[in-house]
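J.: The lines below spell out each chain.
2 protein chains.
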Amino acid sequence: MSVIDEILVANEVYARTHELRALTPRPARKIAILTCMDTRLSIRTLGLKTGDAHIIRNAGGIVTEDTLRSLVVSHHLLGTEEIMVINHTDCGLMHTSEADLRTRIQNRTGTAAVSPAFFYAFQNIDENVRHQLQKLRTHPWIPESVVVRGFVYDVLTGKLREVKHS
Amino acid sequence: MSVIDEILVANEVYARTHELRALTPRPARKIAILTCMDTRLSIRTLGLKTGDAHIIRNAGGIVTEDTLRSLVVSHHLLGTEEIMVINHTDCGLMHTSEADLRTRIQNRTGTAAVSPAFFYAFQNIDENVRHQLQKLRTHPWIPESVVVRGFVYDVLTGKLREVKHS
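Chains A and B are the protein sequences, given in the same order.
FYI, the numbering for the first sequence is 1 to 166, going by the working numbering.
FYI, the numbering for the second sequence is 1 to 166, going by the working numbering.
Hints listed in this document are in silico derivations from the structure and should not be mistaken for laboratory results.
Careful: at least some of the hints might be erroneous.
[As the list claims (entries may be wrong)] In silico EDC-like pairs for lysine to aspartate or glutamate, Cα to Cα no more than 16 Å straight-line:
hint	chain 1	residue 1	chain 2	residue 2
1	B	Lys30	A	Glu6
2	A	Lys164	B	Asp5
3	B	Lys49	B	Glu19
4	B	Lys164	A	Asp5
5	A	Lys159	A	Asp90
6	A	Lys49	B	Glu6
7	B	Lys164	B	Asp126
8	A	Lys164	A	Glu127
9	A	Lys49	A	Glu19
10	B	Lys159	A	Glu12
11	B	Lys159	A	Glu6
12	A	Lys159	B	Asp5
13	A	Lys135	A	Glu65
14	A	Lys159	B	Glu6
15	A	Lys30	A	Glu81
16	A	Lys159	B	Glu12
17	A	Lys30	A	Asp52
18	A	Lys30	B	Asp5
19	B	Lys30	B	Glu81
20	B	Lys30	A	Asp5
21	A	Lys159	B	Glu19
22	A	Lys164	A	Asp126
23	A	Lys30	B	Glu6
24	B	Lys159	A	Asp5
25	B	Lys135	B	Glu65
26	B	Lys159	B	Asp90
27	B	Lys159	A	Glu19
28	B	Lys30	B	Asp52
29	B	Lys164	B	Glu127
30	B	Lys49	A	Glu6
Chain A with its partners taken away, still in its complex shape (with noise of 0.2 Å):
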């Protein structure tokens, strides 16, 4: 059985007692979150619950064509009012570099891909944050108003440290 084979399974079980019904579209805390795939990092740790946030994650927790679109529809359409972005301890991305990352895979399928473009491998974890934030702060679609503010998830203390603009 696969693992989605399992989900299936697990979500007839969730569906009988289907206790999200009430919720809407809009986030009810008026907050977007940006933030990493990573295995480790849940709202639980922020004090959030289902139906209050927009949450957009990728690999790094990075600032790409794609996460300003969903963060301008987030936005513009659905009335956040706040950006978080959170960086990780520990990320996948931090342990290697775009060449070592794009010679693993080539080697591993024994092909070169145009797309992705970048991986946005990354050393120094302050600097990405800040980077993130000015990427969105010079953005034409995020207007002033918009509180955007950068932070480091640590995964050993479940703490949060704010990475100010630079």
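Position chain B against the provided structure of chain A, taking the given hints into account.
T.: Frame of chain A; chain B shown alone:
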């Protein structure tokens, strides 16, 4: 007090009993889930726990260059073997069009933007899911051995429904 400040207070409380320290960056159940940023989605509906999966989320649950990047990293670096794509009923991107969205945001901000180039608005959800599966299945860095399956999550019933590859 901003919502982010409230979250920082909640995180301090959370960190006192941080119970996720033992988790590893490799998903325990070797699965990556691509879904929407929507408020109403939770891994609880899938019977999953923090630590089980990579969770990748954007507006719509769309396969873009960025989500491909995340999925490639997930499989080749961190050992996931199955990919589940989940779109959902009542998605914000179903109630609009590319042109509508662009016009609306340009009018609100008083300025045009080059990026994002697309919003990935869609009308038919089954077709949309199939299109995402096709983008994954044809990428040179997603091997045939990786299971790729697509679903629609019904926000009213809490149930998943599979959409087969075309």
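J.: Any of the earlier hints contradicted here, and which numbers?
T.: none
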